[in-house]
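K.L.:
Given these sequences and hints, build the entire structure.
Given next are the chains, with one letter for each unit.
Number of protein chains: 2
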Amino acid sequence: MNPLDPVEFRRNGHMVIDFLADYYQNIQNYPVKSQAKPGFLLESLPDCAPLHPESIETIINDVQRDIIPGITHWQSPNFFAYFASSGSTASFLGEMLINGFNVVGFNWESSPAATELEMIVMEWLLKLLQLPNCVLHGTTCEAFICTLHAARESILDHIGRENARKLAVYCSDQTHFSFQKSAKIVGINPKNIRQVSTSRSSNFKLSPRLLDEMIKKDIESGLVPVYLCVTVGTTSMAMVDPVGPLSDVSSAYNMWVHVDAAYAGTACICPEFRHFLNGVEGASSFSFNAHKWMLTNQSCCCLWVKDKSALTKSLSTNSEYLKNQATESGQVVDYKDWQIVLSRRFQALKLWMVLRSYGANGLREVIRKHVNLAKDFQMLVSADKRFEIIVPRYFSMVCFRVSPEVIGQCYDTEHEANEFNQKLLQSVNATGCVYMTHSIVGGVYFIRFVVGATLTEDRHVIMAWKLICDQATSMLCTPTPKCI
Amino acid sequence: MNPLDPVEFRRNGHMVIDFLADYYQNIQNYPVKSQAKPGFLLESLPDCAPLHPESIETIINDVQRDIIPGITHWQSPNFFAYFASSGSTASFLGEMLINGFNVVGFNWESSPAATELEMIVMEWLLKLLQLPNCVLHGTTCEAFICTLHAARESILDHIGRENARKLAVYCSDQTHFSFQKSAKIVGINPKNIRQVSTSRSSNFKLSPRLLDEMIKKDIESGLVPVYLCVTVGTTSMAMVDPVGPLSDVSSAYNMWVHVDAAYAGTACICPEFRHFLNGVEGASSFSFNAHKWMLTNQSCCCLWVKDKSALTKSLSTNSEYLKNQATESGQVVDYKDWQIVLSRRFQALKLWMVLRSYGANGLREVIRKHVNLAKDFQMLVSADKRFEIIVPRYFSMVCFRVSPEVIGQCYDTEHEANEFNQKLLQSVNATGCVYMTHSIVGGVYFIRFVVGATLTEDRHVIMAWKLICDQATSMLCTPTPKCI
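In order, the protein sequence lines correspond to chains A and B.
Quick note on numbering: the first sequence equals residues 1 to 484 in full-length UniProt numbering.
Quick note on numbering: the second sequence equals residues 1 to 484 in full-length UniProt numbering.
FYI, nobody ran anything at the bench for these hints, they're computed from the structure.
Wrong hints could be hidden among the right ones.
Repeated chains share a single entry, so a pair holds when one copy, or any two copies, can fit it.
Below, in silico cross-link-like pairs of lysine-lysine (PhoX-like), each with a Cα-Cα straight-line distance of 25 angstroms or less [claimed, not checked]: (1) Lys323 / Lys37; (2) Lys191 / Lys217; (3) Lys191 / Lys166; (4) Lys308 / Lys127; (5) Lys482 / Lys385; (6) Lys166 / Lys184; (7) Lys184 / Lys308; (8) Lys323 / Lys184.
P.N.:
Listed below in structure tokens is the structure:
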């Protein structure tokens with residue numbers, strides 16, 4: 001048995017390529033959201049590993065029969081849930097090369113091309129985003145943890161480790177929960193994870209004035225402010241915190257300011273969206289997920305830090321078995337010292353293939369197409385008086401619901417609005433023709449319609465609206481408008 | 001432009017399969033360790049992303065011309081450095097499916113098959129390793145951070161958060177540096193990361209007696225012991241800490257005991273190696289990296305925890321936008337609450353394909369073959385009186401050097417031994433025919449010869465020995481033995 005026999009590799013590789021090409025050809029025939037019931041797979045697969053080898057043909061048949069019914073098809077053109085995970089052929093091919101070479105790039109020495117290609121690609125992105133400084137890779141949670149750790153170590157060096165429990169970090173009530181989780185993991189006292197409240201009147205932005213007031217009070221009561229998380233494109237509503245003014249407030253207190261643009265960061269490669277990042281040069285770090293909207297397969301998050309030595313100072317290790325002449329020469333970067341984990345896949349290869357295969361203009365075209373499709377959807381919703389748009393649309397997400405007044409004409413209390421919209425979403429998703437998700441902000445339940453799947457076209461958006469509209473009609477007693 | 005056009009996907013996918021099959025066919029023609037100089041790629045690639053799309057053919061040509069010279073060929077049969085990163089066709093195909101489906105499995109709802117297949121595969125591994133309890137995924141550093149965080153939160157719930165700076169964690173001077181780094185990240189006072197010294201007389205094992213003494217003293221001086229890291233297969237020498245006795249000591253103090261078997265864990269699916277894990281049922285958690293020695297591509301680490309609620313209690317989040325009926329029914333597992341990050345690739349798919357495609361017996365066959373090749377290498381080294389084996393060989397790694405006495409016959413002082421062996425390693429690696437790495441323990445520099453690359457056969461081991469032997473001969477003034 002040779003598990004890397006080139007003949008078998010070639011034969012089986014071609015087979016799986018055909019399997020996946022067929023999958024993309026037929027993807028619209030599957031229910032978008034898996035209809036599987038809890039336990040479906042646990043009940044159908046054997047409870048121990050086979051003793052003897054099985055053929056790839058057998059396994060692929062089982063993927064078709066057992067696995068695919070349990071998959072929610074994130075690549076389906078009818079996927080409008082969460083934020084999309086936009087795959088592409090170039091990124092897929094990049095992953096094939098990453099896995100084919102299967103190198104571990106923890107330092108320069110262990111595979112020089114992995115480190116240098118990452119430096120190149122990060123420089124390319126830096127120019128596309130007009131960012132002021134330097135770069136690395138991870139996931140958003142990793143980015144939070146690395147920068148929180150760097151900020152904490154840097155301040156404890158000054159004020160002494162015995163003050164660790166006084167450290168306070170700041171975010172808004174719209175910040176992604178990963179920030180709070182990360183702060184807890186690095187040992188910030190949960191009471192000192194401070195949330196500034198936002199409100200509808202300011203489109204749920206983090207207010208620099210309220211932040212400043214909170215920090216001042218906290219300092220008076222003995223806390224030491226250390227870190228602020230600013231969001232460009234919040235998870236629930238894709239709202240935007242004012243980066244510049246918030247950086248100004250925080251830098252007056254010598255705080256680390258991180259800008260989390262996980263979803264919306266990709267849009268900022270288009271000049272017309274770049275203004276959302278204005279002031280980012282005042283921040284300490286910035287991250288976005290290429291795996292959300294830059295046609296890059298899971299996972300790929302890009303993190304910039306203004307002062308890379310703050311990171312490497314707190315994350316460097318110096319183990320004998322990794323010592324080498326290249327590192328000692330000081331001429332190379334060792335990315336293991338920019339991140340939590342030691343192992344590193346050759347992620348830069350797929351991002352490089354995406355950037356080359358589609359070009360900056362091709363990527364901008366995809367972003368603009370998705371934003372325009374979201375605009376179209378917004379127009380359809382706005383034209384139907386039974387619905388309301390919850391917040392302005394900046395990117396490719398529309399937040400909407402059936403308005404309480406309309407529901408009030410059919411049901412008893414205003415309280416029913418949330419329940420009604422939840423039922424509406426569930427019944428639309430249950431058709432299997434489309435998948436959207438929801439959120440609740442300020443007590444208001446609404447449906448999030450996110451355009452971002454690579455294969456989505458006009459007709460999918462129109463079909464989604466028709467389904468929503470028809471379903472609302474069947475649930476409401478009001479006069480029926482024509483749904484397209 | 002359709003970045004997931006099935007026709008283009010099929011055509012380009014077949015092209016890359018052929019490219020990689022050719023790569024495996026010719027892999028022995030490349031120098032194992034890249035001969036690239038710092039800056040080689042930075043100088044040859046453009047400094048900004050292309051504006052317009054480029055063809056995949058062009059990009060693949062550039063991979064061949066620019067990238068491959070900068071790759072250290074971890075899949076080469078002549079790769080004996082670090083610990084191997086053993087890829088396989090089945091795992092590669094699994095990665096193709098993972099990337100083709102490109103789902104995000106943070107909770108059950110988001111793609112039920114991802115969660116349930118992970119439960120199934122973890123159960124399969126649990127049975128192969130005869131482990132007592134339940135399971136999940138990550139990387140070793142993530143495993144450290146999650147379990148350290150869980151252990152810390154659990155004890156602070158009892159003793160109060162104001163005692164955080166008293167917490168102490170334990171390891172040996174042979175524990176991987178990632179443990180110390182992880183402990184710092186979760187905010188353990190660096191002074192309280194306590195290292196028990198090991199010695200040659202006990203094969204560099206962590207001594208339960210010394211550990212107990214250290215803990216007792218620490219408690220007297222006001223520290224609170226919370227966590228012990230035990231290693232099965234240390235990085236420098238693949239030595240083994242006594243799992244059972246160390247668990248007994250630690251559990252007397254209610255400490256969390258983690259068993260890190262990153263490299264050697266895979267071997268324990270063979271009954272003849274399982275005894276190294278004896279006593280693991282007394283530990284709190286256990287992890288190993290399938291991406292090291294279980295024919296699984298980067299990255300794939302398996303973590304078992306005895307009390308999963310300790311993890312989920314400290315890592316759970318409850319965000320509105322992820323709420324769903326499946327979670328609320330209590331019938332499903334949401335793996336986002338077992339790990340640091342939110343995003344999850346469908347990693348179980350590749351492990352499942354590996355286990356099915358090779359079967360438990362096929363995997364055992366690979367382990368035994370590698371161990372036997374290491375035994376052969378050890379015999380060759382032992383038969384040459386100029387060399388010495390540094391520590392016993394338990395798995396597939398041989399630690400050796402040219403002995404100081406022999407070097408002393410040619411050079412002035414005993415001090416030269418480390419320098420001589422370093423030069424020997426560098427000159428052997430510089431041939432490009434083989435790649436090994438080194439470590440230093442107790443002041444002794446030695447060469448680590450790790451068998452683990454999937455393609456390695458007898459002839460590669462023999463060739464490596466001949467190179468080492470010939471090179472030593474040319475560097476020594478002693479009578480020349482015949483190198484095979």
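K.L.:
Find the hints from earlier in the document that the structure breaks and name them by number, from lowest to highest.
P.N.:
none
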